[in-house]
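For the protein sequence lines, the chains are A and B, in the order given.
Residue numbers 0 to 180, in numbering that gives the first Met the number 0, belong to the letters of the first sequence in order.
Residue numbers 0 to 460, in numbering that gives the first Met the number 0, belong to the letters of the second sequence in order.
I should point out that these hints are in silico values taken from the structure, not numbers from a laboratory.
Watch out, some of these pointers could steer you wrong.
[Claimed, not checked] Derived Cβ-Cβ restraints for the label pairs, each shown as a range:
| hint | chain 1 | residue 1 | chain 2 | residue 2 | range |
| --- | --- | --- | --- | --- | --- |
| 1 | A | H5 | B | T26 | 44 to 50 Å |
| 2 | B | L166 | A | R136 | 40 to 46 Å |
| 3 | B | M326 | A | N55 | 45 to 51 Å |
| 4 | B | T68 | A | G89 | 42 to 48 Å |
| 5 | B | I206 | A | H5 | 23 to 29 Å |
| 6 | B | E20 | A | I99 | 24 to 30 Å |
Glycine residues also receive a C-beta, built at the ideal position from the N, C-alpha and C atoms.
Here's the letter readout for the chains.
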Amino acid sequence: MEHRSHIYGLVAEFPTEHELIHAVQRTREAGYRRIEAYTPFPVEGLSEALGLKRNNVPLITLIGGLTGGLGGFFFQYWVSVLAYPLNIGGRPLNSWPAFIPVTFELTVLGAALSAVFGMLALNGLPRPHHPLFNVHRFAKHATSDRFFLCIEAHDPKFSLADSSRFLQGLNAKHVNEVEDD
Amino acid sequence: MSAGQPPLDSPEIRRLTPVLEPGYTFTSVTDKISAIVLTRPTSLGWVVGFTISFGMVMMLTIALAWLITKGVGIWGINIPIGWGFAIVNFVWWIGIGHAGTLISAILFLLNQKWRTSINRFAEAMTLFAVACAGIFPLLHTGRPWMSYYMFPYPSTMGLWPQFRSPLIWDVFAVSTYGTVSLLFWFVGLIPDLATLRDRAITKPKQIIYGMLAMGWRGSARHWHRYQSAYLLLAGLATPLVLSVHTVVSFDFATAIVPGWHTTIFPPYFVAGAIYSGFAMVLTIAIPLRKAYGLEDFITMRHLENMAMVMLATGLIVAYGYFFEYFMSIYSGNKFDLYLTQMRFHGPYSHFYYALILCNILTPQLLWFHKARTNIPLLFVMSLVVNLGMWLERFVIVVISLTRDFMPSAFGRYSATFWDYATFAGTIGLFVMLLFLFVRVMPAISIAEMRELVAETSEDHE
């Protein structure tokens, strides 16, 4: 176990998404918790198999949208009523219906920016390098045509020999150690 | 669709025409699409096309340099016709962009599988069309270097924009639209950029695609959030795309000029935008699938569906024309009546008749399955609709401005060489950007095609 700190985990390769989902279910049943699947496209049912909970992107988007909308409206109010009032034939300064188009656009802008940047931030991207890219087959196939399952070394149940044997037992095509760097 | 099959007209066959020809695997779709960018040699056709469009962009820069030197007087605009080609072209280009967002957002929310192979380049088309559109109002201000005045910023003069003005709404609508379209396009590209990074052979490509992919590795947790974000963006882009052309139509509808001051403008502008946009998607898709052998991905089904959307939105536009005409008679307003008369009998009536021919009469051919599946005819039809929608904006802008309330304010408008040069230049810019795009980015979403492969292989099981 002395080289455990140099190991990021073990990665197993599967040819189809169905085999991957099956393997994920078996791995979780075996008690592993720090596991992650890697797929070249979003696979239906994989989030459930991994036991992923609802994510925070919608909440961030809501907050961004509300900020954009309220900020946009009250900014227009401030400009038109307080900072630069123009009296045109005695018309009301707070002509709120005229502020709606810009308020709407800024709501959408705020929400869209926070959805994208919130998603990237929660995903920890950009992150140009990752230990998994050290595995040649992962770097070559993970974004094209193969499905990967990684048991990370900080899983309490992780042991290089046992976990490796366990993954082999799941009919994985290749099982590789992932070196940490 | 080979020769040995039953006649194409039978409804069973039509329903079965696939969105993806059978026999593809994850590997083969990845190879086929990424090869266009990574390994395929530059063809002679590409070089010729790029050179011509690049030449047109050079013409655009000359036209713009001359415009900035001399001022907007080099265009054919003068009071009372202050809005000439610049506004016609602006509305035309921004309308074209709308189909890209419709395909990527609205068809995504409606779970339409046929959207998958056309959304990427349709989104790129949106971005490039918005870029071309943005040039015109910017230059039309006369002093484009002062255009930052339109944005609210704390100036030393204590000035702020007039938020009750539709022109300021336009600034916000178009800039938000451009930004959100870019985000949507880029988010969709991230997984494909990672594919290109991993498949690129040369170091510079690996580095450039690697930086753009931001370290995407297809982690399930990442996909989980990615899908939320993508769905939310689609949900946000849907009302946005409807709002943008609505705001553009407000530029006209909130004015009291006869022919502009109508409540039907927002819906009819949005329908017209989608109409012209689908025409442009067809104009691009037909040569693209031919040139890069993508007939298996962009199938007859796609072309036919797009033709049907064109027919449907074309009919909404026809309804809009009819009600403009009807309301001017029904209102009894003599200025509106006079304007309608001018459309039919005035000095620009040939534009109006050409518009009816292009936008209403010709597309009626699309009722027929034979016309929808005749690719050369469809291509010509898409060009006709593009022309028709340009004429529509010309009719709206020019006829109203040449004939408003007082005979003393009547005028005539004709475009100058520089008007045509600028317009042609933006077409060159659009085409050049498309040429560059197909060579450096995957023109079809690879990740979504893999999803389609997974789904269609399940259908067969």
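Hints and how they fare:
1. A hinted range of 44 to 50 Å for the beta carbons of H5 (chain A) and T26 (chain B) is inconsistent with their spacing of about 33 Å.
2. For L166 (chain B) paired with R136 (chain A), a C-beta distance near 57 Å fails the hint of 40 to 46 Å.
3. Take M326 (chain B) and N55 (chain A): their Cβ atoms lie about 50 Å apart, and the range 45 to 51 Å holds.
4. In this structure, T68 (chain B) and G89 (chain A) meet the distance hint of 42 to 48 Å, their C-beta atoms being roughly 45 Å apart.
5. Evaluation of the 23 to 29 Å hint for I206 (chain B) and H5 (chain A) yields a pass: the beta carbon distance comes to about 27 Å.
6. Taken as a hint, the range 24 to 30 Å is violated for the pair E20 (chain B) and I99 (chain A), whose Cβ atoms sit roughly 47 Å apart.
Violated hints, listed in ascending order, are 1, 2 and 6; each of the other numbered hints is respected by the structure.
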